[in-house]
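Undergrad: Listed below, chain by chain, are the residues.
Number of protein chains: 2
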Amino acid sequence: MLPAGDHGQIVLALFIVLVAAKLAAELFERLRQPAVVGEILAGILIGPSVLSLVQPTQVLDALAEIGVIFLLFTVGLETRPSDIFQVGRTATMVAVLGVVVPFLAGWGLLTLWPGHSSIEAIFMGAAMVATSVGITARVLSGMGLITAQASRVIIAAAVIDDVIGLLVLAVVSSLARGSINYLNIGLIAGLASGFTLLVVLFGSRVVNRIKQPVKDLRIDHSLLVFALVLCFGLAAVASFIGIAGIVGGFLAGVALSEATDETRLHQQSQTLTEFTTPFFLVTIGMKLNLGIFLSSEVVTLSAVVIVLAIATKFIGCGLGAAWMGRKRAIQVGVGMIPRGEVGIVVAQIGLSLAVVGDEVYGVVLAMAVITTLAAPPFIKLAFAGEQTSIKSDRYDSELQEEIR
Amino acid sequence: MLPAGDHGQIVLALFIVLVAAKLAAELFERLRQPAVVGEILAGILIGPSVLSLVQPTQVLDALAEIGVIFLLFTVGLETRPSDIFQVGRTATMVAVLGVVVPFLAGWGLLTLWPGHSSIEAIFMGAAMVATSVGITARVLSGMGLITAQASRVIIAAAVIDDVIGLLVLAVVSSLARGSINYLNIGLIAGLASGFTLLVVLFGSRVVNRIKQPVKDLRIDHSLLVFALVLCFGLAAVASFIGIAGIVGGFLAGVALSEATDETRLHQQSQTLTEFTTPFFLVTIGMKLNLGIFLSSEVVTLSAVVIVLAIATKFIGCGLGAAWMGRKRAIQVGVGMIPRGEVGIVVAQIGLSLAVVGDEVYGVVLAMAVITTLAAPPFIKLAFAGEQTSIKSDRYDSELQEEIR
Numbered sequence: 001m002l003p004a005g006d007h008g009q010i011v012l013a014l015f016i017v018l019v020a021a022k023l024a025a026e027l028f029e030r031l032r033q034p035a036v037v038g039e040i041l042a043g044i045l046i047g048p049s050v051l052s053l054v055q056p057t058q059v060l061d062a063l064a065e066i067g068v069i070f071l072l073f074t075v076g077l078e079t080r081p082s083d084i085f086q087v088g089r090t091a092t093m094v095a096v097l098g099v100v101v102p103f104l105a106g107w108g109l110l111t112l113w114p115g116h117s118s119i120e121a122i123f124m125g126a127a128m129v130a131t132s133v134g135i136t137a138r139v140l141s142g143m144g145l146i147t148a149q150a151s152r153v154i155i156a157a158a159v160i161d162d163v164i165g166l167l168v169l170a171v172v173s174s175l176a177r178g179s180i181n182y183l184n185i186g187l188i189a190g191l192a193s194g195f196t197l198l199v200v201l202f203g204s205r206v207v208n209r210i211k212q213p214v215k216d217l218r219i220d221h222s223l224l225v226f227a228l229v230l231c232f233g234l235a236a237v238a239s240f241i242g243i244a245g246i247v248g249g250f251l252a253g254v255a256l257s258e259a260t261d262e263t264r265l266h267q268q269s270q271t272l273t274e275f276t277t278p279f280f281l282v283t284i285g286m287k288l289n290l291g292i293f294l295s296s297e298v299v300t301l302s303a304v305v306i307v308l309a310i311a312t313k314f315i316g317c318g319l320g321a322a323w324m325g326r327k328r329a330i331q332v333g334v335g336m337i338p339r340g341e342v343g344i345v346v347a348q349i350g351l352s353l354a355v356v357g358d359e360v361y362g363v364v365l366a367m368a369v370i371t372t373l374a375a376p377p378f379i380k381l382a383f384a385g386e387q388t389s390i391k392s393d394r395y396d397s398e399l400q401e402e403i404r
Numbered sequence: 405m406l407p408a409g410d411h412g413q414i415v416l417a418l419f420i421v422l423v424a425a426k427l428a429a430e431l432f433e434r435l436r437q438p439a440v441v442g443e444i445l446a447g448i449l450i451g452p453s454v455l456s457l458v459q460p461t462q463v464l465d466a467l468a469e470i471g472v473i474f475l476l477f478t479v480g481l482e483t484r485p486s487d488i489f490q491v492g493r494t495a496t497m498v499a500v501l502g503v504v505v506p507f508l509a510g511w512g513l514l515t516l517w518p519g520h521s522s523i524e525a526i527f528m529g530a531a532m533v534a535t536s537v538g539i540t541a542r543v544l545s546g547m548g549l550i551t552a553q554a555s556r557v558i559i560a561a562a563v564i565d566d567v568i569g570l571l572v573l574a575v576v577s578s579l580a581r582g583s584i585n586y587l588n589i590g591l592i593a594g595l596a597s598g599f600t601l602l603v604v605l606f607g608s609r610v611v612n613r614i615k616q617p618v619k620d621l622r623i624d625h626s627l628l629v630f631a632l633v634l635c636f637g638l639a640a641v642a643s644f645i646g647i648a649g650i651v652g653g654f655l656a657g658v659a660l661s662e663a664t665d666e667t668r669l670h671q672q673s674q675t676l677t678e679f680t681t682p683f684f685l686v687t688i689g690m691k692l693n694l695g696i697f698l699s700s701e702v703v704t705l706s707a708v709v710i711v712l713a714i715a716t717k718f719i720g721c722g723l724g725a726a727w728m729g730r731k732r733a734i735q736v737g738v739g740m741i742p743r744g745e746v747g748i749v750v751a752q753i754g755l756s757l758a759v760v761g762d763e764v765y766g767v768v769l770a771m772a773v774i775t776t777l778a779a780p781p782f783i784k785l786a787f788a789g790e791q792t793s794i795k796s797d798r799y800d801s802e803l804q805e806e807i808r
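Taken in sequence, the protein lines are chains Z and Y. Going by our numbering, the letters in the first sequence line up with residues 1 to 404, in that order. Going by our numbering, the letters in the second sequence line up with residues 405 to 808, in that order.
These are computed hints drawn from the structure, not numbers from a lab. Each hint can be trusted.
Derived DSSO-like pairs: lysine-lysine, alpha-carbon spacing no greater than 30 Å straight-line: (1) Lys731(Y) x Lys784(Y); (2) Lys619(Y) x Lys380(Z); (3) Lys784(Y) x Lys215(Z); (4) Lys327(Z) x Lys380(Z).
To give a feel for the contact side, a few chain Y residues facing chain Z, derived at Cβ under 7 Å: (5) Gly412; (6) Leu416; (7) Leu418; (8) Phe419; (9) Ala429; (10) Gln462; (11) Glu469; (12) Arg622; (13) Leu632; (14) Val633; (15) Phe636; (16) Ser643; (17) Thr675.
Being a predicted model, the structure only gives us computed values, none of them experimental. The beta carbon of each residue, even a glycine, is placed where N, CA and C say it ideally should be.
Assemble the whole structure, with the sequences as input and the hints as a guide.
TA: Here's what the structure looks like:
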């Protein structure tokens, strides 16, 4: 029928994504595996590579972006600025070593491997740099460990790491155009650091001062509205100074964390995350084209890249956190492994600039997806036996209340 | 910077829509006007006609559709099947007269008005038929009157009206292709009525039986997940049998209303509605092209159509509710006036089938927008002095709690 049209297609796609993601999540929970892996595998299954029930569209992409922004916003709400300062030095060490070691490995590998240009080699290095904190955050918050010390280092390091990673990407993009634009790079570095420091240092204070006027507004749910505006506002600022939008969402959460402890905002933000995160996870899975693995050379290269990506991030970040003791260093190293959507973004930019071929694009995509798939079991293992925080008990009792 | 790209644009658009909608809502609340009118005017202001800050895109359209589905889902949650049965006979009378009178008026007008084909005349009749319950529901729930008797008649009548309206559209579409497909029309009529009756009669019972298995699921927020799946599942079913997706969302809410009274689902659904409804309201505003009103003939025709659209719906629906007494009949008549997105959908289909010209398209669009803009003040007036339900007090105390 006519009136259904586009909207019918969109609604059907939302329905299929939600059902597939949550059935897989339930199955993985029962197998004692992280639900997040199930939701990504659901994406591979329903996507173009296997069943082709749902195609990646602009709308699903946008919902995925909103999903990962809400996810990081919720993580930010649980992160107090004081927590970041507490782990700031370690996080910086973790981030820097976690960028340098994988970059050198990716660049070195493709320089030695026959048939690739030097720009492809540099690009591969850049693609191995940026950690996708979303996946790790989802696994840790599912385990009730999002406030553990190692978790805080991971999240703070991933924020710093994202800033460094996108600087590396800026350099690579300049190289691809034939020259390095030092001015541009310096500008982004300055803006990104300034923006992050500004929000972390003054965000809470500003929010505390604005609380009363927000309270006085006549519109319904004014605190939630204010939080949404701040979240998308800072995400837009982050995007336009050249860092990923999710950093803005995270910083908005951080700014609101201390002022909103006793309000319903945390529950509301969980509700929005629960609705939108499946689109983020399923979209990651949908973007894997299984067809590229018909070539044995691609398979070999992928395997080497994946092993290197996991090993170098683990070693680099683990070294950065070495003073925390062996167990904590392993937790941090493992938690920084997933590349997820950040790696995929790097791959897409490389392809669009025509500086990398389909082959390297496919390998980077596989690396991003496989590191994301492989990390959660290791994270669960590394964090096994850790004491669950009070937070998680609160979730549980809320859940009980909800489904009674 | 490159990585921002598309996502940066989307995030910025979300930010602008939210800020504009909520600033306007706040302003209108202070002027003691309904916030919903403010949000639609915000859409006109930031849209292509005036400031051009945001363009209608596929993504905003999808968020608008999700927004109106959540809005009707929330309305459904507050509507018990027993409430619909209670008002079933009146609602049917209201719906039928509210379809017949405006259709005859629209068709008659363009038949007499020079320069229009007979198919355009029939199309204009069809466009004047379908009530957009979303706007009225938003105004009434804002006033805490969503459970009042007249409100229940309006919402039930709008559901029936939507089914009839889309049948009329099916007939018109068949005519546009040169022949009436009676089989198709009969099929849609049967499916739509069957689907609605099925959910209203058995939905609550099924949900009550499924509650325990849902409770036993291991995934977080399993009741919310179940509700989302049901909402989009029924919306998809509605779209594919040829009625508007929002009917499915509404019916999902109705099915869940009795089983979830003591859970957090109602709050969670309000949160999702709060985030997504601004996109629905702003998108309606954005679609008004002010340029068409430079022609004086279009202005005259628009004025006549708007007056007829308001008068015929008011008279038709008011007559249908006459036995409820004068005050209630006026409330029902006024509440059925807005055409909103349903009228716009009719206009878009007519244009895409190339059976109506730009002029009639513009007039229909203006009619849909103006009836939507004009209705809320009349609704407020007609319902002034009604006793606010307990529901609204509960909202208020929740709001107090939230912003303390």
